[in-house]
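A.B. asks: Below, each chain spelled out in residue letters.
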Amino acid sequence: MTYNINEKGYYGEFGGAYIPEMLYPNVEELRENYLKIMAEPEFQKEFNQLLKDYVGRPSPLYFAKRLSEKFNTKIYLKREDLNHTGAHKINNTIGQILMAKRLGKHRIIAETGAGQHGVATATVCALMGLECIVYMGEIDIARQAPNVARMKMLGATVVPALSGSRTLKDATNEAIRDWINNPVDTHYIIGSVVGPHPYPDMVARFQAVVSEEIQWQLQEHEGKTKPDYVVACVGGGSNAAGAYYHFLEDTNIKLIAVEAAGKGIHSGESAATSVLGKEGIIHGSKTLLMQTPDGQITEPYSISAGLDYPGVGPMHAHLYKSGRAQFISITDDQAMKAGLELCQLEGIIPAIESSHALAVFEQKTFLPEDVVVLSLSGRGDKDLETYINYFNL
Amino acid sequence: MNRINKKIQESKKILSIYFTAGYPKTDDTVNIIQNLEKSGVDMIEIGLPFSDPLADGPTIQASSTQALKNGMTTEVLFKQLKDIRESVNIPLIIMGYFNPILQYGVEAFCKKCEEIGIDGLIIPDLPVDVYNEKYKATFEKHGLINVFLITPQTSVERIRFIDSISNGFIYMVSSASVTGSQSGFGDEQTNYFKRIADMNLKNPQIIGFGISDNKTFLQATQFSKGAIIGSAFIKHLTKEGVTKINSFVKSILK
Ligand SMILES: Cc1ncc(COP(=O)(O)O)c(C=O)c1O
Chain A
1 MTYNINEKGY
11 YGEFGGAYIP
21 EMLYPNVEEL
31 RENYLKIMAE
41 PEFQKEFNQL
51 LKDYVGRPSP
61 LYFAKRLSEK
71 FNTKIYLKRE
81 DLNHTGAHKI
91 NNTIGQILMA
101 KRLGKHRIIA
111 ETGAGQHGVA
121 TATVCALMGL
131 ECIVYMGEID
141 IARQAPNVAR
151 MKMLGATVVP
161 ALSGSRTLKD
171 ATNEAIRDWI
181 NNPVDTHYII
191 GSVVGPHPYP
201 DMVARFQAVV
211 SEEIQWQLQE
221 HEGKTKPDYV
231 VACVGGGSNA
241 AGAYYHFLED
251 TNIKLIAVEA
261 AGKGIHSGES
271 AATSVLGKEG
281 IIHGSKTLLM
291 QTPDGQITEP
301 YSISAGLDYP
311 GVGPMHAHLY
321 KSGRAQFISI
331 TDDQAMKAGL
341 ELCQLEGIIP
351 AIESSHALAV
361 FEQKTFLPED
371 VVVLSLSGRG
381 DKDLETYINY
391 FNL
Chain B
1 MNRINKKIQE
11 SKKILSIYFT
21 AGYPKTDDTV
31 NIIQNLEKSG
41 VDMIEIGLPF
51 SDPLADGPTI
61 QASSTQALKN
71 GMTTEVLFKQ
81 LKDIRESVNI
91 PLIIMGYFNP
101 ILQYGVEAFC
111 KKCEEIGIDG
121 LIIPDLPVDV
131 YNEKYKATFE
141 KHGLINVFLI
151 TPQTSVERIR
161 FIDSISNGFI
171 YMVSSASVTG
181 SQSGFGDEQT
191 NYFKRIADMN
201 LKNPQIIGFG
211 ISDNKTFLQA
221 TQFSKGAIIG
231 SAFIKHLTKE
241 GVTKINSFVK
251 SILK
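Listed in order, the protein sequences are those of chains A and B.
For the first sequence, counting from 1, position 295 maps to 295 in this note's numbering; every step adds exactly one.
For the second sequence, counting from 1, position 17 maps to 17 in this note's numbering; every step adds exactly one.
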């Protein structure tokens, strides 16, 4: 069994490109070219240079001493929070903007929930001087005002998604509709390992730099390239895909995927797709998604806007179904507590998405000699207001 | 013979109307279908509403959202259509996104369609290769024609391929757009209509997206077998309810 994508664009039974014919030429153009373009030495050179000089890579692999002491195991934090714009999202947008340029596109569209991917996209568009349109649910625009302002300062046009539930899923629908309406000059930068093939694979490859670095960084720290565990939160699944990528086929390395349980898995306000989801089609991909028995996609909930997606990428559906990764769901309260704990033990304010991953240590016992690498996918600046309200700061 | 094929053989230009099942009211479905037939419509596309209709513009989106709020489901639609063939003879096509059909079970869905007397399906997000590999046999077993779409961006090669696997008509999307976003056709569209007409495909083409009145209907059918009206009819329903369907159809056919 392989845990990576096959030549037909599927992870096991998940993936594919379930798209209307209107999108076929765009997606096909990308599918035919993405691997070729990524393999070009010039592309690699430019990508790596920007990751180094602009994003600030490699991001440190930090041994969290006090956190490790508390949980009596060896915890390493992969510091994606230290990247330019504050999260792992920029690894992907740098890659995709270079891809878009090589495909001759001069108009960029994106969807965003919390605004992290929107900011990362607006950033690279400014860097390259390309037009940028970001779709964002009307409700998210209201609750993520600072990121909306950042996108505007960076020169992007933020378009409210007014349809459906007016959040991330609907912003994604609007971006797809925009692409249907603008099939020739536009590239759609999807923000996670979701959407039709080849997006999940392309985004995973751009994020794979994370696990590539973990290997040599761990060699420096521990004298070995392989951790015992890799832990990451999963919204769509891009930071997890990046952290797992080079470890997918080595089953000695255990993968832990952390989903948002919201107010409790069965509270009706949750985003724990692996538990609540069923196989189906969302945004052009066959995967696990939350839906009614009748096949209508339902609205997820999480305190963290970045985990508030009713599906997971097809790679993660496969990792779940095959048992390759262990899926754990963490409630709002558990995540907030773990986030605050990291602040106080390590002096790092994490994004609430990443706080979900951190909460694993309260849920699961590791051995003292276990080397656990955790993807600290983003910093908490964007979440200050949520933290303030939650803790009455 | 399938009613779609028969209709195409006998009829002059075809007017097909799309509406979203469950809109404006849950129980309007049968009434709308009967009135459309009486008014002289040749074929009907019954929209199975979906929460996330990717290929649709605001009008059909809103009607789908309302239909779902009204309680429309696949099960309810099939119940409403149970006896439809006692009163309606023209071809009926169900148009829906793949996920609700997948959840119902593709085989069970097709079987139900056959029982009711549905003639074809249009599933915009079921890709051609997946259909061919996994579902073609099932559709055919239940006498259902699967209708494929082409757009101005579809390559000649792919149009030929789609023609080769189609056996009813080809749904020709008028322009690069979601439903309902055109107002009139310009040279670009006319040239595209001509280009496709000149390909002498085995299947007739019926043009959809952006047809809203007599003028656009005539423009589209000048180069094709027929035209499909969706958003404009939904707008009519929003304004007038189900009472003046006849006058809407007459305004198209004049
Ligand atoms: C910091 C951070 N982590 C995680 C995520 C979730 O995305 P993914 O599951 O694709 O990594 C987001 C999304 O906005 C994010 O901002």
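Calculated from the structure, these hints are not laboratory results.
Source: prediction; values computed, not measured.
Fair warning: there could be bad hints in the mix.
Stated by the list, open to error - A few chain A residues that face chain B, going by a derived Cβ cut-off under 8 angstroms, partial list only:
| hint | residue |
| --- | --- |
| 1 | Gly16 |
| 2 | Phe63 |
| 3 | Val159 |
| 4 | Pro160 |
| 5 | Ser163 |
| 6 | Asn181 |
| 7 | Lys224 |
| 8 | Gln296 |
Said to hold, decoys possible - Far from chain B, some chain A residues (derived; all Cβ distances over 12 angstroms):
| hint | residue |
| --- | --- |
| 9 | Lys36 |
| 10 | Gly86 |
| 11 | Lys254 |
| 12 | Val275 |
| 13 | Leu289 |
Glycine included, every Cβ here is placed at the ideal spot set by N, Cα and C.
A.B. asks: Compare the structure with the hints numbered earlier in the document and write down the numbers of the violated ones, lowest to highest.
C.D. replies: 2, 3, 4, 7 and 13
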